[in-house]
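Order-wise, the sequence lines are chains E and G.
Be aware that the first sequence starts at 674, since it is given in the working numbering, and climbs by one per residue.
Be aware that the second sequence starts at 674, since it is given in the working numbering, and climbs by one per residue.
There could be a bad hint or two in this list.
The list makes no distinction among identical chains, and a pair is therefore deemed to hold if it is satisfied within one copy or across any two copies.
[Said to hold, decoys possible] With a cut-off of at most 20 angstroms between alpha-carbon atoms, the simulated DMTMM-like pairs for lysine to aspartate or glutamate come out as follows:
1. Lys789 x Glu756
2. Lys921 x Glu889
3. Lys702 x Glu821
4. Lys988 x Asp962
5. Lys884 x Glu701
6. Lys884 x Glu858
7. Lys702 x Glu820
8. Lys695 x Glu821
9. Lys697 x Glu924
10. Lys727 x Glu858
11. Lys972 x Glu820
12. Lys884 x Asp948
13. Lys789 x Asp1013
14. Lys1034 x Asp1008
15. Lys1072 x Glu701
16. Lys859 x Glu774
17. Lys789 x Glu889
18. Lys695 x Glu709
19. Lys1030 x Glu1060
20. Lys764 x Glu820
21. Lys1080 x Asp860
22. Lys1072 x Asp726
23. Lys1010 x Glu709
24. Lys1028 x Asp845
Since the hints were derived computationally from the structure, they do not count as laboratory data.
Source: prediction; values computed, not measured.
Number of protein chains: 2
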Amino acid sequence: MAKVAVLGHGVVGSGVVEVMQKNKSVIEKKAGQTMEVKRILDLREFPGLPYSDKFTKDFQDILNDDEISVVAEVMGGTHPAFEFATACLEKGKSVVTSNKELVAAKGAELLATARKNNVNFFFEASVGGGIPIIQPLHLCLSANRIEEIAGILNGTTNFILTKMIHENMPFDQALKLAQELGYAEKDPTADIEGHDACRKICILASLCYGKHVYPESVHTEGITGLTLEDVAYAGDWGGVIKLIGRAKRLENGMVSAMVCPAFIPNDSQLANINDVFNGILVRGNATGDVVFYGKGAGKLPTASAVVSDIIAAAKAHGTSNSLTWADCHEDYVIDYKKCDIAFYLRFVSNDPNAKAKVQAKLGTVHFLNRDDQPVNEFAVTTETLNEGALEQALDELSKENIKLLGKIRILDY
Amino acid sequence: MAKVAVLGHGVVGSGVVEVMQKNKSVIEKKAGQTMEVKRILDLREFPGLPYSDKFTKDFQDILNDDEISVVAEVMGGTHPAFEFATACLEKGKSVVTSNKELVAAKGAELLATARKNNVNFFFEASVGGGIPIIQPLHLCLSANRIEEIAGILNGTTNFILTKMIHENMPFDQALKLAQELGYAEKDPTADIEGHDACRKICILASLCYGKHVYPESVHTEGITGLTLEDVAYAGDWGGVIKLIGRAKRLENGMVSAMVCPAFIPNDSQLANINDVFNGILVRGNATGDVVFYGKGAGKLPTASAVVSDIIAAAKAHGTSNSLTWADCHEDYVIDYKKCDIAFYLRFVSNDPNAKAKVQAKLGTVHFLNRDDQPVNEFAVTTETLNEGALEQALDELSKENIKLLGKIRILDY
Chain E
674 MAKVAVLGHG VVGSGVVEVM QKNKSVIEKK AGQTMEVKRI LDLREFPGLP YSDKFTKDFQ
734 DILNDDEISV VAEVMGGTHP AFEFATACLE KGKSVVTSNK ELVAAKGAEL LATARKNNVN
794 FFFEASVGGG IPIIQPLHLC LSANRIEEIA GILNGTTNFI LTKMIHENMP FDQALKLAQE
854 LGYAEKDPTA DIEGHDACRK ICILASLCYG KHVYPESVHT EGITGLTLED VAYAGDWGGV
914 IKLIGRAKRL ENGMVSAMVC PAFIPNDSQL ANINDVFNGI LVRGNATGDV VFYGKGAGKL
974 PTASAVVSDI IAAAKAHGTS NSLTWADCHE DYVIDYKKCD IAFYLRFVSN DPNAKAKVQA
1034 KLGTVHFLNR DDQPVNEFAV TTETLNEGAL EQALDELSKE NIKLLGKIRI LDY
Chain G
674 MAKVAVLGHG VVGSGVVEVM QKNKSVIEKK AGQTMEVKRI LDLREFPGLP YSDKFTKDFQ
734 DILNDDEISV VAEVMGGTHP AFEFATACLE KGKSVVTSNK ELVAAKGAEL LATARKNNVN
794 FFFEASVGGG IPIIQPLHLC LSANRIEEIA GILNGTTNFI LTKMIHENMP FDQALKLAQE
854 LGYAEKDPTA DIEGHDACRK ICILASLCYG KHVYPESVHT EGITGLTLED VAYAGDWGGV
914 IKLIGRAKRL ENGMVSAMVC PAFIPNDSQL ANINDVFNGI LVRGNATGDV VFYGKGAGKL
974 PTASAVVSDI IAAAKAHGTS NSLTWADCHE DYVIDYKKCD IAFYLRFVSN DPNAKAKVQA
1034 KLGTVHFLNR DDQPVNEFAV TTETLNEGAL EQALDELSKE NIKLLGKIRI LDY
């Protein structure tokens, strides 16, 4: 018999209770024991539910209940989620969470606390919602050196990009539609500026490479600067624009990690991941490319990932099966300006020699075309360039009145 | 320190040794202990290898070596693989395998033997090569009731179909090319007749629904009857033909399981899985559709899945973490003729009333077109029909000289 507490009765929390009830027989069979949600922490009132008696506003009721062996933290935010999770782990309770902000900020610390107390800290739901990715990376791809991991990690921005690409809908209108459909928050900053994807790639990079990657060290660009013109040039190039979080192992022991819009070729497995779906590509040195696809968010998908962790924690009671990663030293994540990558660049200039000047600065480029292209606009793709050197070259071009309208990295998955 | 034996030094077996050496540091970090291949069983001689001293021709050398705690069975076939695996489990050694034939025929029995002896029997590599699927299904989707699982489970046939679809290459020529490239065996029967996919869907169905599904109970059709005409009609319908293995939970506690070519709509995640790649779609009642994609075969992908199981077995030494399923009773898998499904049907007839007669027998149909369509040929898609009733109707039409040229099920993933 495992007794479970749920911290937070929002979208995910109520989903956890729902899945635990709806799939009770499947869950108990998998867990090999009876499973019951005993307490739910929320400051709000929830009268009239069949389980209204389980609510408490006092975290101590859960912390001090020795019957409760697994706690699902689904409140979101770093505080007090971090303090609550730490307290539970120190009391010998396993903690599972869907809270990517918490894991990205405090993962190394919480994993260490779990290990010290011989309990588990699991977070399958923190990346990719209902898509199994954390455990498969940890367990099934364990024989691989992971060369690279890249994914469409945010459903909101992927929905917006899908509308821009397939319906030629401008960014602002697509964002508004996403908000109307409930896919985007009233304040959409965390999604559209790439912060949400950043937290997720931090978690994946930490897991793949064994050292914590903090969000602050990851160069992050959102999709607010993208235009339908960029989308059209991407089409001419033979691909689409996706917001990609990626992390890559470098030969010198460092990693590169970044979130940015990117040109992706049409025949890539990531190119056809549309709407609010997520997809994550893992490149192993033995297994090659493996892709995981599914709903990256939503009440029941996310809740089902939380519940799968609850089951795993209940089964592992009394042992510490948590994966681990160490904290990282400074300079572990390489400065993005030191990386080499190919680019799409869009310029406007009335200088008749603008194209020649761009070629002189950037070397071989390939020109792209779009419908209704103004005579003073042109777009190119470059060969692989050092990003720091490119920025300097673009600065110099800007001084010659060759103005940059768009800059998007080109990825080849 | 875990010492490992490898039974069979063929493609996968030599890959296992290679991955164990190449990724030694990653593997030992994941396993939390040193890992070493101590013995390799093969009747052939392998002189001149850096590890030639590890070979033995006598299985007893491995069975009676108490230092060896994990045995990788990668010989293929049911005998003596079954006897060897059983003997190892009974001696307290965990067994991991890539042998789908063995798991599909003897899985329930081997899992029971493993459990009885408090060791593990793992088989991640038996389905989908390097794609993580067995453990994700078992662990990460454990909070879901799996409504359905369907996949492109055989790379050889998917390569042939890709050539037929994208290069208009006839079946025989595509098969020959697959043989030249080493994707198909000299005797390609197991692939092109669907037997290989059948074993894999048996394993997945057993895992999802908890009772062993035997290959003999699964209606299996291969791709030998497919023509470029069928491919063209599928295109007109808006999709492609894929060889799909599928299993579905029925409300009455039975399951339906089948391997057959199927029409798949272009916007399905399974439609764009091409060449030798595999893809597996899992439909959970909470998480919705999740798709796993990657190389379904090949030396290193398959070997890396075997090695991930070796790591898991080494970590779990002294405990039994194996998933389990029970043996099944008769009548657990429903007769395919009792199922309802929609069909594509292609006919030839010189009867001017043939189309009307087909409509009279089959109800609402939708006519498809192709280039160079002979005047006496027509193709339709039907609504959902009972398959047994359809077979009878087709029999009757045949007696009226309306001859069936092709029959393919329509799936909607």
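Checked hints:
1. Lys789 x Glu756: Answer is within: at 16 angstroms inside a copy they meet the 20 angstroms cutoff, but 43 angstroms across does not.
2. Lys921 x Glu889: So lysine 921 and glutamate 889 pass the 20 angstroms test inside one copy only (17 angstroms; across, 46 angstroms).
3. Lys702 x Glu821: Between copies, since 19 angstroms is at most 20 angstroms while 36 angstroms is not.
4. Lys988 x Asp962: Neither. Shortest intra-copy (31 angstroms) and inter-copy (26 angstroms) distances fail the 20 angstroms Cα cut-off.
5. Lys884 x Glu701: Only across copies: lysine 884 and glutamate 701 sit 17 angstroms apart there, 35 angstroms inside one copy, limit 20 angstroms.
6. Lys884 x Glu858: neither (32 angstroms within a copy, 44 angstroms between copies)
7. Lys702 x Glu820: Answer is between: at 16 angstroms across copies they meet the 20 angstroms cutoff, but 37 angstroms inside does not.
8. Lys695 x Glu821: between (38 angstroms within a copy, 17 angstroms between copies)
9. Lys697 x Glu924: between (48 angstroms within a copy, 17 angstroms between copies)
10. Lys727 x Glu858: Answer is neither; intra-copy 29 angstroms and inter-copy 61 angstroms both fail.
11. Lys972 x Glu820: Between copies only: 18 angstroms across, 32 angstroms inside.
12. Lys884 x Asp948: Neither. Shortest intra-copy (32 angstroms) and inter-copy (36 angstroms) distances fail the 20 angstroms Cα cut-off.
13. Lys789 x Asp1013: neither (41 angstroms within a copy, 55 angstroms between copies)
14. Lys1034 x Asp1008: Neither: 23 angstroms inside a copy, 70 angstroms across copies.
15. Lys1072 x Glu701: neither (67 angstroms within a copy, 55 angstroms between copies)
16. Lys859 x Glu774: within (19 angstroms within a copy, 54 angstroms between copies)
17. Lys789 x Glu889: Classified as neither: same-chain Cα gap 27 angstroms, cross-chain 51 angstroms, threshold 20 angstroms.
18. Lys695 x Glu709: within (12 angstroms within a copy, 45 angstroms between copies)
19. Lys1030 x Glu1060: within (18 angstroms within a copy, 68 angstroms between copies)
20. Lys764 x Glu820: neither (38 angstroms within a copy, 38 angstroms between copies)
21. Lys1080 x Asp860: neither (25 angstroms within a copy, 53 angstroms between copies)
22. Lys1072 x Asp726: For lysine 1072 and aspartate 726, the Cα distance exceeds 20 angstroms both inside one copy (68 angstroms) and across copies (69 angstroms).
23. Lys1010 x Glu709: Neither way: lysine 1010 and glutamate 709 sit 51 angstroms apart in one copy and 42 angstroms across, limit 20 angstroms.
24. Lys1028 x Asp845: Classified as neither: same-chain Cα gap 31 angstroms, cross-chain 51 angstroms, threshold 20 angstroms.
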